[in-house]
Amino acid sequence: MNDSSSITRRRALQLAAAAAVAAGTTVTAGGPARAVGQRESTEVTDLGPGVSKFALMSGVLVGDTFYIGSRNLDPPHVIGYHLPTRKVVSRADLTSGYSIQALAADPSGRYLYAGVLQDAAGPPNLHRIDLTDPGTAQPVGRTGERDIRDLAVAPDGVVYAVGGDGGTIAPALWEYDPATGLVRSLGVPDANATLAQAVAATDATVFFGAGSILAGGGGASHATLFALDRATGSFTSVLPAAFATAVSVTDLQVLGDRLAVGLKGPGKSVLMMLGNLSSYETIPRTGILFQASGDTIYFANNPNVYAYSTVTKKVTTVQDGQDLGTTWGLGVHDGTVVSVSDYGFVATIDPVARSVSFTDLGEAGAPADPQLAMGIEAGAGYAYVGGTGVVARHALDSGAVVNLQLPGEAKDGVVVDGVLFTGQYNNQGLWSYDPAGAGPARVAGFPTGQNRPLDVCWDAVNRLVLVGVQSDTNAGGCFAAYDVALRQVRTWVNPIDSLQMVRAVATRNGLAFLGGDNIYAGGPRSTVVAFDPLTGTEQWRLDPGAPYGIAALAVQSHYLYCLHRQASGLTVIDLETRSVVHRTDLSAVCTDFGALVTNRGVVYGVSDTTVFQIDPSSFAVRVVVADINGGWYSGPHITNDEQGMLYTMRDRNLVRINDRAPAAR
Numbered sequence: 001m002n003d004s005s006s007i008t009r010r011r012a013l014q015l016a017a018a019a020a021v022a023a024g025t026t027v028t029a030g031g032p033a034r035a036v037g038q039r040e041s042t043e044v045t046d047l048g049p050g051v052s053k054f055a056l057m058s059g060v061l062v063g064d065t066f067y068i069g070s071r072n073l074d075p076p077h078v079i080g081y082h083l084p085t086r087k088v089v090s091r092a093d094l095t096s097g098y099s100i101q102a103l104a105a106d107p108s109g110r111y112l113y114a115g116v117l118q119d120a121a122g123p124p125n126l127h128r129i130d131l132t133d134p135g136t137a138q139p140v141g142r143t144g145e146r147d148i149r150d151l152a153v154a155p156d157g158v159v160y161a162v163g164g165d166g167g168t169i170a171p172a173l174w175e176y177d178p179a180t181g182l183v184r185s186l187g188v189p190d191a192n193a194t195l196a197q198a199v200a201a202t203d204a205t206v207f208f209g210a211g212s213i214l215a216g217g218g219g220a221s222h223a224t225l226f227a228l229d230r231a232t233g234s235f236t237s238v239l240p241a242a243f244a245t246a247v248s249v250t251d252l253q254v255l256g257d258r259l260a261v262g263l264k265g266p267g268k269s270v271l272m273m274l275g276n277l278s279s280y281e282t283i284p285r286t287g288i289l290f291q292a293s294g295d296t297i298y299f300a301n302n303p304n305v306y307a308y309s310t311v312t313k314k315v316t317t318v319q320d321g322q323d324l325g326t327t328w329g330l331g332v333h334d335g336t337v338v339s340v341s342d343y344g345f346v347a348t349i350d351p352v353a354r355s356v357s358f359t360d361l362g363e364a365g366a367p368a369d370p371q372l373a374m375g376i377e378a379g380a381g382y383a384y385v386g387g388t389g390v391v392a393r394h395a396l397d398s399g400a401v402v403n404l405q406l407p408g409e410a411k412d413g414v415v416v417d418g419v420l421f422t423g424q425y426n427n428q429g430l431w432s433y434d435p436a437g438a439g440p441a442r443v444a445g446f447p448t449g450q451n452r453p454l455d456v457c458w459d460a461v462n463r464l465v466l467v468g469v470q471s472d473t474n475a476g477g478c479f480a481a482y483d484v485a486l487r488q489v490r491t492w493v494n495p496i497d498s499l500q501m502v503r504a505v506a507t508r509n510g511l512a513f514l515g516g517d518n519i520y521a522g523g524p525r526s527t528v529v530a531f532d533p534l535t536g537t538e539q540w541r542l543d544p545g546a547p548y549g550i551a552a553l554a555v556q557s558h559y560l561y562c563l564h565r566q567a568s569g570l571t572v573i574d575l576e577t578r579s580v581v582h583r584t585d586l587s588a589v590c591t592d593f594g595a596l597v598t599n600r601g602v603v604y605g606v607s608d609t610t611v612f613q614i615d616p617s618s619f620a621v622r623v624v625v626a627d628i629n630g631g632w633y634s635g636p637h638i639t640n641d642e643q644g645m646l647y648t649m650r651d652r653n654l655v656r657i658n659d660r661a662p663a664a665r
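For the sequence shown, full-length UniProt numbering assigns the number 1 to the initial residue and increments by one for each residue that follows.
Honestly, the hints are just simulated from the structure, not real lab data.
Any given hint could turn out to be false.
Heads up, simulated EDC-like pairs for lysine to aspartate or glutamate below, C-alpha to C-alpha not over 16 Å straight-line [unchecked claim]:
1. LYS314 to GLU281
2. LYS313 to ASP295
3. LYS87 to ASP497
4. LYS313 to GLU363
5. LYS268 to ASP257
6. LYS314 to ASP295
7. LYS87 to ASP64
8. LYS87 to ASP360
Using C-beta positions, here's what the derived DEER-type ranges look like [stated by the list, open to error]:
9. ASP64 to LEU486: 35 to 45 Å
10. PRO240 to VAL580: 29 to 39 Å
11. PRO547 to PRO435: 40 to 50 Å
12. GLN643 to ASP543: 57 to 67 Å
Even glycine gets a Cβ: it sits at the ideal position worked out from N, Cα and C.
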């Protein structure tokens with residue numbers, strides 16, 4: 001799955017098509033600017049920004065200042081956090097991208113390079129900031145791929161970049177020479193890798209680390225580590241054979257005469273001697289963002305920072321029991337270890353006392369801009385909007401907004417008896433939050449490698465929270481059923497098949513329906529499986545013939561609605577006869593990912609551009625809100641509350657929709 005903003009995807013085509021469908025039905029409501037409507041029977045109320053907090057995805061220490069790259073914000077920007085004063089002292093906006101995952105400084109400390117993630121290849125994805133004027137960023141080039149995931153600057157100032165296109169093509173190693181201003185590809189070391197997120201450089205060698213963190217399985221490679229001879233341009237595989245089954249190389253750092261290698265999979269890291277790469281020692285824990293100080297090597301492994309002694313060979317935590325979230329930047333400064341967290345704070349750690357002091361970046365002056373939304377849920381007087389490292393709780397009576405700290409990304413959720421349950425990416429499992437109780441807490445995990453929750457729904461008959469999950473690294477997915485009374489979870493890996501993730505989940509009369517989606521070239525791609533979550537047994541399966549997979553499922557009466565991906569339409573299955581009874585083209589309102597919800601006895605859907613309704617008798621489609629154009633990070637969502645109000649996003653604002661129109665007859 002392409003986990004990027006869906007705002008711009010085929011925008012011109014979608015807007016034109018949606019406008020054609022809605023022609024003659026749109027009425028602009030009068031009154032305050034916050035209330036707008038598509039027709040007299042439909043009210044749309046703007047509830048303000050869905051989730052606002054400074055979100056980050058990278059950090060690098062230069063002198064006394066930590067430069068931090070934003071995530072999920074528009075425009076993306078690099079802020080400078082001054083460690084001595086604990087204040088944000090600079091901000092530079094970039095001209096492209098939605099997140100900054102890669103930052104690297106040149107050896108002189110004058111230039112800072114930033115690489116972005118973006119919706120499509122084309123615009124510049126490499127920028128440079130002259131730190132004598134840290135408030136200005138200039139685009140300097142673009143690689144031939146969509147995303148830059150990591151950057152390294154060699155001692156002579158030449159820049160190296162790696163990334164990819166989200167699994168669609170094998171990633172290359174790219175070089176930017178500031179002397180000429182040219183960007184060139186140095187080749188594709190591993191044709192079966194789907195993602196490269198680690199690069200390091202010395203005078204003589206560039207190290208390229210890759211694997212298949214995204215779009216793994218289906219023939220994709222495991223971890224690969226190559227050394228490029230800068231003089232000859234030849235690649236040599238240098239990953240020790242003992243780590244050949246690792247999933248991916250996740251980090252590379254040159255530390256004096258050694259190369260630190262982070263690995264996903266074996267639970268270990270490696271220190272390789274630069275003078276003899278066949279000579280190495282193993283750190284008995286996975287790590288990233290390695291930093292050296294004397295005989296100690298510090299690294300992050302969420303939610304902790306660790307110290308490895310090269311003398312005693314022991315690994316210890318640096319802090320005493322404090323949750324540091326996901327660390328995106330790590331540095332050593334004046335005897336302290338500094339961690340930049342996706343929770344939106346900077347943690348300054350005394351490794352001797354093991355004490356931590358925290359600085360909230362918002363309070364330090366970082367902009368709390370609206371994020372692209374992840375998931376959305378509503379119930380018991382609140383609406384929740386998931387972001388990066390945060391879920392925003394909106395009180396529907398007063399409008400008050402409270403940010404709840406949760407790790408990773410809240411991809412989807414459901415409110416049950418006033419309690420929020422949310423599936424958290426990456427590898428965070430299922431979390432719950434009771435507004436009348438304590439803060440958010442993890443209640444269940446998923447099997448190893450089942451890292452991306454996609455859909456969460458409530459089985460009221462069996463009182464189970466049902467979750468569909470994708471495995472980014474191994475293909476396929478899993479189905480999870482969490483018993484809220486017993487506080488226990490049962491999981492089934494690959495309940496559809498070894499390639500199809502569980503993209504969507506719906507339920508009727510205690511039976512779950514799992515909707516498949518296959519991102520690979522071969523194999524089934526839209527299978528629906530009826531699954532008993534109590535016995536763990538498949539009851540039946542049917543392929544509705546969605547050529548690009550299933551985006552969403554919903555049940556109304558005895559019909560199962562299957563929304564297809566990529567404008568391939570809607571299929572309706574009669575659950576009593578287990579047969580397809582209707583197919584329709586939805587390209588006028590939905591051309592890729594979408595979501596469905598049953599509300600007031602009718603199925604509603606949302607796409608990147610449009611909220612629509614499906615008639616329960618004729619299955620005809622009616623536009624409810626055109627041009628909704630939600631600001632989503634990884635596909636649109638729609639939910640409802642007990643009063644039958646619908647909630648989704650318009651741009652980056654949460655909106656409530658009261659659709660009083662009956663379904664067309």
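Against the structure, the hints come out as follows:
{"no.": "1", "hint": "LYS314 to GLU281", "in the structure": "12 Å, holds"}
{"no.": "2", "hint": "LYS313 to ASP295", "in the structure": "10 Å, holds"}
{"no.": "3", "hint": "LYS87 to ASP497", "in the structure": "52 Å, violated"}
{"no.": "4", "hint": "LYS313 to GLU363", "in the structure": "39 Å, violated"}
{"no.": "5", "hint": "LYS268 to ASP257", "in the structure": "20 Å, violated"}
{"no.": "6", "hint": "LYS314 to ASP295", "in the structure": "11 Å, holds"}
{"no.": "7", "hint": "LYS87 to ASP64", "in the structure": "11 Å, holds"}
{"no.": "8", "hint": "LYS87 to ASP360", "in the structure": "10 Å, holds"}
{"no.": "9", "hint": "ASP64 to LEU486: 35 to 45 Å", "in the structure": "53 Å, violated"}
{"no.": "10", "hint": "PRO240 to VAL580: 29 to 39 Å", "in the structure": "53 Å, violated"}
{"no.": "11", "hint": "PRO547 to PRO435: 40 to 50 Å", "in the structure": "43 Å, holds"}
{"no.": "12", "hint": "GLN643 to ASP543: 57 to 67 Å", "in the structure": "37 Å, violated"}
Violated hints, listed in ascending order, are 3, 4, 5, 9, 10 and 12; each of the other numbered hints is respected by the structure.
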